[in-house]
Amino acid sequence: MAAGRRAPRTGLLELRGPGGQWLRVLLTLAEDVLGVSPADGPGPAAGPGEAPAAQLNGGEPGSAVPEALANIRRTVRVVKQDVGGLGISIKGGRENKMPILISKIFKGLAADQTEALYVGDAILSVNGTDLSEATHDEAVQALKKTGKEVVLEVKYMKEISPYFKNSSAGATVSWDPSPATLQKRSSPLLPARELWEGRTVPLKMCYVSRKCLPADPEHRYLEVCSADGRVALFLRAKDEATAQSWLSAIQANAGALLPRVKEELRAQLAGAGTVAGRDVKHVGWLTEQLPSAGTRNLLAVLTEKELLLYGSLPQSRDALGKPAHSYPLIATRLVHSGPAKGSALYEAELSFALRTGTRLGVQTHLFSLESPRDLALWTRLLVDGTHGAAELVQEVSAACTWKGQDCTLSIHIDKGFTIYATEPGLGKTVLLQQPFEKLQMSSDDGTKMLYLDFGGPEGEIQLDLHSCPKTIVFIIHSFLSAKVTRLGLLA
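In our numbering, the protein residues as written are 1 to 491.
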């Protein structure tokens, strides 16, 4: 063995297979991969080489898809119920390089009652709206807008189904109101063939959690998923201590690979000729609570200026440049950190909430993490990141109208507020200039008006920004907070 390399850790756990059966497996934890292989032969779920049949109701026994339906376009009419809506969940989307796929059919609800839809069906269109190139969010919105009767064009993807049903790529999300027990993301299964042959999960930016579904009253569950979502393991240890020990060991090995991940991302940013301010500060998994009451796992990349969110680890320069969401730190505010309150889903979890000012209004996001240590780290990095972004950006400007005159509002972290007009051939005419220290009050109407009061003879200044003023309001707050931090008045 090479010097400095530790011997792999091994141990016997149980792996949930098709049909919910538990199979004894041998886990082998090396420096960069987690291996799983059968401990005592194939379980009763399936023999070598046998792939599980596609099933209704999220993997409950029975109702295999007829062979004649494979890869055939079908039209299915679904009549929504007053409670439960369509009664399905989806995975996939353009950002995951997958079609929109039905990942769950809830027993007894509208889709189940048609007896014509299957887990593994790709939704090609809804009421005539093409979803073949839709992102996950676009598909959710299209399905939300449907009325009582919904016409779905679907096709069962035989070659894709065994893989998507058992991975975390494109999180499962319910878009219709349904019982609370059905609204959380269920954990994946590994196909029977892969159980028999054995698999490895690369540890580089793998997702690992003990917050698993279904509920775990004995706290013995453990979920591990590769960074690209292609391989997922749902494990059960003999007791809580063993589960925690494996979680800590996997996190430690994955954490040791984090510097390599950061360097790879930095190289991609540098190769793209990206301007200064995009250095990678941190990378990690966050679980976001969605407005539809579902959850999704997102890989967060924190740079000097932005919080970038991805469905999986970007493997190329092009993928890195196309995050699912991008939030400028200078316009983002941490508004909560700690055990969440008022949320049944998150009341026992550690979470933080962010609010971002945009031209369309304020966006609020709630994220949960695995441990108090993770929460403390993200809290500190986000607060420091906002201050760092303010120091890096220094100045922002916005077109506005003041006293009926078109002009520009400039806000500089050191020079304060300047309102000026520019006329052809005459250059810049300063109409008002005030330091931050003179600002006594700022407010807005949430639509387009920004109000500033410097206590001067001009009274309250009313600026029409022509769009939602929240971005400027949040930037003012970030500049002020950064200036206070400079003085050492914040810990």
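Everything labelled a hint here was simulated from the structure, so no lab data went into it.
Here the structure is a predicted model, which means the values were calculated and not measured.
Incorrect hints may have been included.
[Stated by the list, open to error] Straight line, CA to CA, 27 Å or less: simulated BS3-like cross-link-like pairs of lysine-lysine:
1) Lys145 with Lys97
2) Lys97 with Lys204
3) Lys155 with Lys107
Now for the hints, and whether the structure bears them out:
1. With a C-alpha separation of about 24 Å, the suggested pair lysine 145 and lysine 97 falls inside the 27 Å cut-off, and the hint holds.
2. Restraint check: the Cα-Cα separation between lysine 97 and lysine 204 comes to about 21 Å, which is no more than 27 Å; the hinted pair holds.
3. Using a Cα cut-off of 27 Å, the hinted pair lysine 155 and lysine 107 holds, with the two alpha carbons roughly 21 Å apart.
The structure fails none of the hints (numbered hints given earlier).
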